[in-house]
Every structure is written in structure tokens, then in C-alpha cells.
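> Each chain is listed here by its residues.
There are 2 protein chains.
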Amino acid sequence: MAYELHYWPTIQGRGKFVRLALEQAGAEYVDVARLPEDEGGGPDALMNGLQDEPLRPPFAPPYLKDGDVVVGQTAAILLYLGPRLGLVGDGEQDRIWTHQIQLTLADIVAETHDTHHPVGNSLYYKDQKTEALRKAEEFRRNRIPKYLHWFERVLMRNPAGPDHLVGDRVSYADLSLFQLVEGLRYAFPKASAGALDDTPLVTALAASVAHLPRIEAYLASDRRIPFNEQGIFRRYPELDG
Amino acid sequence: MAYELHYWPTIQGRGKFVRLALEQAGAEYVDVARLPEDEGGGPDALMNGLQDEPLRPPFAPPYLKDGDVVVGQTAAILLYLGPRLGLVGDGEQDRIWTHQIQLTLADIVAETHDTHHPVGNSLYYKDQKTEALRKAEEFRRNRIPKYLHWFERVLMRNPAGPDHLVGDRVSYADLSLFQLVEGLRYAFPKASAGALDDTPLVTALAASVAHLPRIEAYLASDRRIPFNEQGIFRRYPELDG
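Protein chains in written order, with full-length UniProt numbering: chain G, 1 to 241; chain C, 1 to 241.
Note that identical chains are pooled: a pair holds if it fits in a single copy or bridges any two copies.
When the alpha-carbon atoms are kept at most 30 angstroms apart in a straight line, the in silico DSSO-like pairs for lysine-lysine are as follows:
1. K146 <-> K126
2. K146 <-> K129
3. K65 <-> K146
4. K146 <-> K190
5. K190 <-> K129
If you're looking for bench data, these hints aren't it; they were derived computationally from the structure.
Given the structure is predicted, the values throughout are model-derived calculations rather than measurements.
Sequences and hints are given; from them, build the entire structure.
As C-alpha cells, then:
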């Protein structure tokens, strides 16, 4: 049976990390909320799904349905899918290390979101722009370099070589790091350019993921939603310094 | 061999979630940074450990050492320890659901931190107090109730009964929810009182965890660090409305 991914139909957001894994594996999946409304799509059905799920309700999208199993939280979805899609190593140690990297990616993704919504989601960006300008400055100056240098160190220390974060083949963490780099380039073109110059292994990994045949095909397809100013990575030039 | 927990020696912070699991299991562990400096303790040794770890460097404390295995990220540490300490169910579905709850707990913990550091950790609280006042208002009004009601729903829908988040025995998620409730009561005594009145199952679970014999003994011991204004849960009355 096909996997069902449930996520906002008009943004990349956190769903993109799952979409990339499903695409790279060539898995059968339905991006449910992108279906027409009479086939169960649309944001209303997505939100109703959070309430309807009787026993183990996810807190927020994205969530994955695999038959009767429902899994929410992006990193947990990838933890679940990793072995099934062949996107993680076999042993417990590789799996927990890959997951640890993913959780660190989740942390910078949350911080990226907070650059434009430092107060919270109940307010529009324009109503928290003063706070956003300060938050974004901190993010550009301290957080982007700190995270990218950590990923660089992880690549440098990988005993199997610097082409992958873990071991010698593509993991979901590699795909997610690619998405982070793409997102930072979109939202913070100036700030990320400097930081990426200093982290050549990260830059090379992102480039190599972009050219994986299935990822390349996905990025060129209409299954890929363009970046926009409703997602996590938003291009507000005033936040790029 | 005893587990080694590496975390800031003077705060509860994220380390407390791991400490509670180790204590409830009666596990042998060393809280390394709390040792005297000549035995490897202290904050300098803690930070050096992040750099020294040759192959799989954690991004930040807490991290756990189990022989040669090093695991960072609080939720990943609990994912690793859960089966070893008997603090999670046996099947994959219970384990991923418990982890999903833990990741949602991690989200509100991060948001709690941001109420006093909405701009970032490079600045003192006093230098981001204006932003903190707005962030905390949003947190009190929208976020505390949203999260607590979700935990309440999880308890209500547990087929094994509302005494535990997952199944019919204590999991690390139960211990972590207790810690969240304790932290909110410390940092936001007024705001959390109202929200907890509306979530009686959450309140009852927190009370029952506090009276588990090993947890009760831990809380009364000097292994338990008191709450203070260097940790994640800080009592700044102006942020409690």
C-alpha cells in the first residue's frame, strides 16, 4: 500500500524533508493534501485529520500514514521510514547517529522559522518585524555558521569519507542537509553565501544530492513546490542584512 | 559499565530529562560535569568533550556515553536508553509513538527557553527583555494551553487508560511530562495554574510521577539541582503576566 504523507499543500516546509526521502527511494506515496478536495485533499481535511485520528493524534503536520500506523514529527517520520526506504545504515549505532544529525537539522529549521516569526504564529510577520530584524541578525551572525561548521566537522570526520554524513551511501540526513542548504540560499542568499564558502564539504554534499537522478527529476517536476513566503524559508531581503 | 551523562553541572535544563530516566530505572550512572575538576568535572571539560569526541561529535550537551557509543540530543538519548532501562514498550509502534511524544515535549521546552531568550543566547536576558515580554505573552496565551491540551488528549485516548501516555506502565515520556509540568509551575506559576486546571489528566500524571519511590528519593537528594535563573525554566515574574 502506498504511504500517505499529510502536509500543507502549498509550501515545502517540514514536509519537504519527508518528500525528498520518499522521492529518492522511488517509494509509492500520495501527497494527500495536494489532491483535489473531493479526493480528500486541501488544508481543511489536513487539519481535521489531526483531530480525527482516534488513538495517537499527531500534534501538527507533517504526519505519515502507513496502513494503520500514524507517525508525526518530521524526524520521527524519517526514523520510521529510514530502514524501510534503505536511507539509513543497518546497525543501531548508525541509525541513532543519523537520527541525531536529523534532530540537529530540525533545530536549525525551527530557528529559521523563528527569524520571521520570533514572537509566534498568531501574528503576521509585519506585526513582529522589529523582533524579526534582531532575531535574524543573531541567526546570520552566530547560528548559521555554528550549524554549518558542525555539519562540516561531521563530514570531515566520517571514517568512510566526506561524501556523506554517515557511512558511504546516501541517508535521509544527506537529503535533509541538501534541503537546509537550498532553503538558506533562498532565504538568506547573502548570509549563507559567506558561510557556505567556509564549509566546502557541506556545499559539495548539497550539490551531489541535487544531481542524484531521482532528486533531479523530482526537483524538475510539478511535485516539487517552489519556495515562497508562506513556508519556513522565506526571502525577506531586510532579514538578510 | 556505568553510563556517563555529560551536561551543565549547575542547571536542570535538558539534562534533567535524562537524569529522571536514569534515576527511575535505578541505573548506574555518573553525572560527569558535577564531579570535581580533578576527576573530569566542570563546564570546561564538558565543552572540551564536544570538540574531543573524534568521530561523532555531539552538537551540544547533553550527551551520553555508553562505553564507546556517544549519543547527543535529549530525545535521541532517551530513544537509545528507553529499551535498555525498561522505560518504553516493546514494539516498534509503541517506541515510535513514545518518541513522537518526546519530540513534542522537546518543542515546548525549546519554546520555553525562547520566552527569556527570544533573540538568542549571545545576549543576556536583560538585553532582550522587550522581545521576551511579547514572546512570553504569546507563550502563555496560545502555546501552554495548546500543548497541555494535546497531552491531555493523548492521555484520554490511551486504550490502556489515562494513567500513562503510552501503554500501562511508566515510560520516559511520562517522566518528561512531569518535568515539563514542574518547570512550567516554577517559571509560570500563574499561567500554568489555569492551564493545568483544564488538563486534570496531565496534572494527575505529574503527581503520580512525583510519588514514584525512586523519583521521590531523587527529588529529595542533592543529586537533584534546584530550579534557577540560569536554566530553561526561569522565574521572571514579569514574563508570567
